[in-house]
Each structure stands twice: as structure tokens, then as C-alpha cells.
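K.L.:
Here are the chains, one letter per residue:
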Amino acid sequence: MKILVIVDENPYSMYVIKEISRISLNTWSDITIMGFIDENEKHRDVNSTSIAQAMVEYLQIFSSSYNDSFCPYTFPKEMHFSSLDKNHFLLSASGKKKLNLVISKNEPVASIVNKVQQERPSLLAIGCDKSYNCQWKNKKVPSTVAQKVSCSVLVVKETKNPETIVCCLDNNHITQTSLELINQLATLYKADLKIVGIAENNLMRDRVENTMKEIMLYYLNQDIPIWLEVVDKSILSSFLNQVAQKDMVALWLGKQSFLEKFISKEKINHLINDTPSTVLLLR
Amino acid sequence: MNVLIYLDDNLISSISLRYICAQARFVPMSIRPFHVEVRGQRHYPFGVGWVRRTWENTVKETSREFIENFIKTEIHSCPGLLTAKIVVGDTETELLKEIKTGKYDLFVIGMLRSFGFYSFYDFLNGSLIKQIKLPILLVRNITHYKSVYFLIDRYTDVHAMLQNYFSLYKDLPYNIFFCHYAYNDQETNEFKNKLIKIKDCFKDFELDISKVIQLPTSVEESAHLLRTGDMVVASIEKNGAKTAITDILANIPNSCLIFWK
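Respectively, the protein sequence lines represent chains A and B. Residues 0 to 282, numbered by numbering that gives the first Met the number 0, are exactly what the first sequence covers, in order. Residues 0 to 260, numbered by numbering that gives the first Met the number 0, are exactly what the second sequence covers, in order.
Among the hints, a few may not be true.
Said to hold, decoys possible - Here are some chain A residues pointing at chain B (derived, C-beta under 7 Å): (1) L89; (2) W226; (3) E228.
Unchecked claim - With a cut-off of at most 20 Å between alpha-carbon atoms, the simulated EDC-like pairs for lysine to aspartate or glutamate come out as follows: (4) K189/A x D8/B; (5) K212/A x E73/B; (6) K95/A x D29/A; (7) K212/A x D8/B; (8) K245/A x E219/B; (9) K232/A x D121/B; (10) K260/B x E73/B; (11) K145/B x D191/A.
What the hints assert, rightly or not - If you want the ones that stay clear, here's a sample from chain B, every Cβ over 10 Å from chain A, calculated: (12) P78; (13) G101; (14) I108; (15) N183; (16) F201.
These are calculated hints, taken from the structure and not from any lab test. From a predicted model like this one, the values you see are computed outputs, not experimental measurements. Just so you know, even glycine gets a beta-carbon here, dropped at the ideal spot from N, CA and C.
Given these sequences and hints, build the entire structure.
P.N.:
Here you go:
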């Protein structure tokens, strides 16, 4: 699994790093951690910028999670970013698996979209704080990125672990990667898994029902308890609003997805920006 | 135990069949799958002439093939599973007819939990429930927990409930927990006194008095707590009146065994 983690200097980014380090303990993922130099600090030496200092601290936190376990990364003795080109700087902790810290001087959203196109990660993880409407320095970086990239996105908000991961399912194609990602998160949070089929006029399409059954059997074969539930599309919005107060919302969004028709971009932005729930967009 | 299970070839039938077959590994039972093929052609009454009868038989046989294939693909072995009975007609009418003529102890039907939980009350208020006397096992999800939660409040006749349960499930080797819902603090205190009185009743069934859980006043929280039971057993009124007990049953994601008061 390839994970791209986007960070800034705020506490939620530290929390994202802790979560990703826990996932990587199980998955030995290839990880890129990416941060951006603040406009005011662009003329300073990269290693003295606040983002470089924060990222060095994140790397130390990351390495400390491997105290007693075999570590697939090699943490350098000198935490020093070196220049890749005039706008990018690298600190590598790669070993058997890749762990790169990249600092960019470019505009965040475009750079992140480019990075996703280059690296094709399975997951992009980004943190934000609901009290600031999930904004990064007054810009809606997390929600904009979540809408623009082609990979799955995890927007992590509160430090409270969700009790249930609620996965909304329509007639979209379900990938093995997305199921494994959900497994990882369910294990990480010790959360219940709930698969919600979207019905239209209280009837579920055969394809949705078949997919629900396949998912149910997949998890039952792995001894992972799973709950199935149905929600009619007419009350989907109120359902998501309720769920987003305490559980983690996972939505499969893809080319064949009719969830994209039911849940507008504004609704997804609302879930990301205005609710306390961690949101997982699966693609 | 003679069990009647209603099956279609859909997801919830798959869940309910797997669920009852898991119980059949512990509890001796004969399970009769039952399917009603809804009338496709309304302009001729069924079975009124040899031409119609032929058509009816064809529909029935096609349907039988469907359901038997469904059962075969769903489950490799299910102790006590009988051949499916297929009829053509109106679902509720045919189900009632079968329940009345067959000697069944339990009716099993699947129902996925739905947000807003109106379907649960629609089900309770439906004509099928109004006329049915059998206890119903409403299957919602496949669970592998080893406990059964008895959902009780101050109106519950605990002794009758235990008697009904053990007449069906005396061989089910699961732990039994009593989960008491109190509508207010006064009831919580009253229940403490009531507990002493029903202690003897517990002894009759060799149950440990300590296995009593006081549920929180929030229906949603209670339902969340109860989800770790393989099934929740409750005794409710047939008129479908909303109570905390029915609200909890509507909210739980796991299966419930319903006895009628």
C-alpha cells in the first residue's frame, strides 16, 4: 500500500502521523509525508522553517512507534532536508520500504494533485480541525484536495476514536484495496463495521444487494463482525448528518457511483468541513 | 422445534437462512423453508380450470427451482433443513394459511435494519402480525456472539418469558443476560426490589441472578449496548404501540426473538 500524508504544523497533523504510523505497523506501507513552506518563510533556509521542524518531530514520533517491532524503514541519524530541485526538499528514511519526507515551496492544492498523479497512492491522509471549518490558513485545502484527487482520501479530524465505521454502498465497483483499507481502519480504531446499502423508493438494486452480500461474506470469512443496514436515498442526507456526529463515514465515490448524484459536492464538503466525523472517500 | 422460515432469493433471506442453520447446530429443529410466488397474471383466478392449473404449476415449479438453487448455493449443511414448500398467491395470506395448518413453534423472517426504523413498526402493524400467534425470530444480521439478552421492563412477566424461551431454546448453550430498561429512577429502585422476588424464578431455570444489566435511559445507547448479543429476546404487545422496548428493538442491529403478550 502506498500512502501520501499531507501535513502542516498544527496538532491535527501530529494526530494523522500517529494514525498512519499505526496503520504502517500492520501494512509496511510505502509512505510519503508532504508539507509546504509558509509564504513568509520562503526565503529562509529550508531546515530552519517551521514545517521542516514539525516534520522532523513527526518522523521521530513515527520511529518511536517501532520501538519493539521490526521496522521496514531506516531512520537517519541526521534529520536534514536536502534539495531535490529549487522548489522541493527531501529527507529520506527509506529502508526495505519507502518513507520520504518532502517539503514543497509550491501552492499546496496543485502540488498535492500532481503528487497523486505521479505516485498513484492508495490513500491520501490529511488532517484538519472542525473548529476552524477544516481550513488550512483560511483555505479549504482538505476539502478541495479530497474532491480533486483520484485516489481514496482520509480526512482525520478529532482524536476521538469512532465506534463505528459506516460504509455507504451504491452500485459502484468495490476494490480489494478499499476493503483492506477499511479493515485496517476498523482494526486501528477497534470499531464496528456497518455497510449501508442505498435504496431507491425502499427497494435496493440487485447489484447493490449482491455487492452487500459479497462484502458480508468477505468479512464473515475473515471473522470480522459486520452490520448491514438499508437507507433510502430520500433520507440519506439526514442519515449522514446523524452518523457524522460520532462515527466515521466512508463513501465509495467512482465513475459508476450514483452516490455522487445523491450527495452533491457541497454535501461532501459539508461532511468534511462542518462535522466532527473523520471522513473516508473511497475510489 | 418446528421452524417455518420465509425465503426469497435475496440478501436478507441468505442472512436468515445462515442464521437459523447456525442455531440448528445446537438446537434440534426441523426447518421448513417457505416461499410464496406472487401472482403474476391477475385476470384469471388461479386454479379454476385445467389450463390455469397448468400455468400455476409451471410458475410453482420454476419458483421451486429458484429457491432450491438458492438454498443449495447458500448453505452446505444445515441440520434439520426440510425441502422447500412453494405456493403461488398473496404472501401474507399464504403465510398465514401455512402457519395455521402446519404445526410450527417458531416463525423466522429476515428484515434488514433501516435508518428511520419505520419498517419495523410497519411490520408490527401489518396484518400478518395481527393474526399470528407464533413467536417470531426477526433476523437482521449474522452474528457469532455467545450470549442472549432478555430485554425486560417493569411490565415484563419474566417467568413467562423464560418459560417460552426454554420451550424453544433449552439446548442453546449461550449465556443469558437480563437487560432491564427503567423509564425513570424510581423504577430502577423498584426493580431492585422486584429482582429479589424473581430470584426464585431464576433458580427454577438454573440462572445466575448476577447476570442483570441496567440499561441506560437513552434508547439508542441501550440498543448499542445490546448489539453484542447473538439475539435479543423481548415480549411485546401485539397492537404495535410504541414503547421503549419496541424502540430498542427497532434500533438494535442484531436479531430479535419476539414473544407476544
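K.L.:
Are the hints correct? Go through all of them and say.
P.N.:
These are the hints, each one checked on the structure:
{"no.": "1", "hint": "L89", "result": "47 Å, violated"}
{"no.": "2", "hint": "W226", "result": "4 Å, holds"}
{"no.": "3", "hint": "E228", "result": "5 Å, holds"}
{"no.": "4", "hint": "K189/A x D8/B", "result": "33 Å, violated"}
{"no.": "5", "hint": "K212/A x E73/B", "result": "11 Å, holds"}
{"no.": "6", "hint": "K95/A x D29/A", "result": "9 Å, holds"}
{"no.": "7", "hint": "K212/A x D8/B", "result": "12 Å, holds"}
{"no.": "8", "hint": "K245/A x E219/B", "result": "13 Å, holds"}
{"no.": "9", "hint": "K232/A x D121/B", "result": "19 Å, holds"}
{"no.": "10", "hint": "K260/B x E73/B", "result": "35 Å, violated"}
{"no.": "11", "hint": "K145/B x D191/A", "result": "17 Å, holds"}
{"no.": "12", "hint": "P78", "result": "20 Å, holds"}
{"no.": "13", "hint": "G101", "result": "29 Å, holds"}
{"no.": "14", "hint": "I108", "result": "15 Å, holds"}
{"no.": "15", "hint": "N183", "result": "26 Å, holds"}
{"no.": "16", "hint": "F201", "result": "30 Å, holds"}
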